[in-house]
Amino acid sequence: MSVLVYVEQAEGKFKKSVFEAVSYAKAIADQQSTNLTAISIGDVADSELKELGKYGASKVLNVSADQLKTFVNQAYASVIAAAAEKEGADIVVLSNSFSGKGLAPRIAVKLKAGLADGAVELPNTDGKFSVKKTAFSGKAFAITELTSANKVIALNPNAFGVKENATDAAIEAFTADVKQSDLGTVIKEIVRATDKVSLPDAELVVSAGRGLKGPENWGMIEELAGLLGAATACSKPVSDADWRPHSEHVGQTGIAISPNLYIAIGISGAIQHLAGVSSSKVIVVINKDPEAPFFKVADYGIVGDAFEVVPKLIEALKAHKG
Amino acid sequence: MKILVCISNVPDTTTKITFTNDNTEFNTSGVQYIVNPYDEIALSRAIELTEGGKGTVTVINVGEAGNDPTIRKALAIGADDAVRVNAAPRDAYFVAKQIAEYAKDKDFNIILTGRESIDYNGNQVAAMVGEFLDIPSISIIKKLDVDGDTATIEREIEGGKEVLTVSGKFIASCAEGVAEPKIPNMRGIMSARTKPLVVVDAVAIEEVTKVTKYETPAPRGTVKLIPADQTESLIGLLHSEAKVI
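In order, the protein sequences belong to chains S and F.
Reading the first sequence from the start, the letters are residues 30 to 351 in the working numbering.
Reading the second sequence from the start, the letters are residues 27 to 271 in the working numbering.
Extracted from the complex, chain S is given alone in its bound form (with noise of 0.2 Å):
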């Protein structure tokens, strides 16, 4: 047995979340006394797939096929099954990426695996083989076990980090046979806004809500971001208004994060809210009604104006960067 950890290419890089999931699985190879092995599908240079040894990878089979160069899932899952088939691998480990989502459920059924989603810590092999996992859109955890032998787990960005694992990579070439069948759905066109850091996995978020009053008035917020590094995001409210896109809602029915420092501006905090974002390790809530309930959740709050607060902030940020 052995663990096999997918590797998410986008535009032949390797993100954060990536190597995350890299030092994650090599964790969990290390409670298994086994060895770690990446697999990865697309045009991925050599130097990049070495960057996986650092991590502790000490296989890598690159899956370079024409036809596999975008993401088709129905194909991703065929060629990642036949993998861990290959390698005797009996955990499969993913990246619960907005593509990790698609692939995990096709690659569980393929092996008749139970899987664990939104996994947010190392699981509990004390006997059985326990995995925590977010519930209840955040507002709890479900600690479940997988009962079957082979085993998928889909890992939260930023629950584990990034740890170094210094291994040498050796990179194998990998092909699968691939059914016409599982080519059915066809790219024409990817959109990414590349001067915007992406929501999922940022580290940093700025966030704000109704209090803002109006669209024309998201500048100051983009520039707090802009400044921090950080990701902007918004209220259901703001969202539902049209005045920020569905991509940037978080809460219960958008978008569940867990950046290490979430900033709300102008947002109350009602219960939905809360729980896309009550596991972010720091939160600074700034709004005017010092009975918001987001300050009971809050690590530090300002009662204040969001619009004579936010100024003060950028003035304060820049000046802290010299």
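Hint data in this document are derived by calculation from the structure and do not stem from the laboratory.
Please note: incorrect hints may appear among the correct ones.
[What the hints assert, rightly or not] Simulated crosslink set (EDC-like; lysine to aspartate or glutamate; CA at most 20 Å straight-line):
#, chain 1, residue 1, chain 2, residue 2
1, F, K208, S, D271
2, S, K42, S, E201
3, F, K236, S, E174
4, S, K347, F, E258
5, S, K161, F, D160
6, S, K161, F, E51
7, S, K139, F, E127
8, S, K157, F, D117
9, S, K45, S, E77
Assemble chain F onto chain S, guided by the hints.
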């Protein structure tokens, strides 16, 4: 066009989540149940795509008889008929297998789910059904247009979006943007009472996961309030005390 929409029965979004029996069971006392909000988006888009005699919408739920009011709500929103697979939903693997077993010989052109249920947040069922039926699955879509046998779909990716097409049968999990959730009108509510709701038996399937315990997030310490006229000191605290910037 025949569309199948999978719906979950979930606690209302305002529910305070607590557990009983030594934190091994969700405390259902006093909880209001609703159609999972993302499934409502999927259902609303299915209704839009089939309006004006262009097709039919069937909703399917895996659950016990207590779920029937939620299923009737989906019928009130505008589904034509409903199926309930009579079993307690053990996990996503179990639910997906039941849906796939029901759908495999029914010739649905499109199967839709919500991006995730707001209780277990798996976003697993759609892709698992896709795998059981060996059809394409597209997770977390923001837009769905259908032209004849080809659908054009936008799905979310980190920092952007991907536009893709799929021909033939497929399953997709819907997020915000796919449709505005429809609200049942009085006529819908009246007609929902008499629309067909068929109950079918579940198939047996091996167990692959089991929730053994729940935990609630650790409470945070009390908030450190910074006077508004000392706003700038926050930056120093985030740098040297919290060490996050």
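Evaluation of the provided hints:
Distance hint between F:K208 and S:D271 is fulfilled; the C-alpha atoms sit about 18 Å from each other, no more than 20 Å. Taken as a hint, the S:K42 and S:E201 pair is honoured in the structure, with Cα atoms around 18 Å apart against an allowance of 20 Å. Only pairs whose Cα atoms come within 20 Å are accepted, and F:K236 paired with S:E174 is accepted, the gap being roughly 5 Å. Distance restraint check for S:K347 and F:E258: the Cα-Cα separation of roughly 11 Å lies within the 20 Å cut-off, and the hinted pair is therefore satisfied.
At roughly 30 Å between alpha-carbon atoms, S:K161 and F:D160 are farther apart than 20 Å, so this suggested pair is violated. Taking the CA atoms of S:K161 and F:E51, the gap is about 15 Å. The hint holds against a cut of 20 Å. Restraint check for S:K139 and F:E127: satisfied, since their Cα atoms lie roughly 16 Å apart, inside the 20 Å limit. About 18 Å separates the Cα atoms of S:K157 and F:D117, which keeps this hinted pair within 20 Å; it holds.
For the suggested pair S:K45 and S:E77, the alpha carbons sit about 13 Å apart, so the restraint of at most 20 Å is met.
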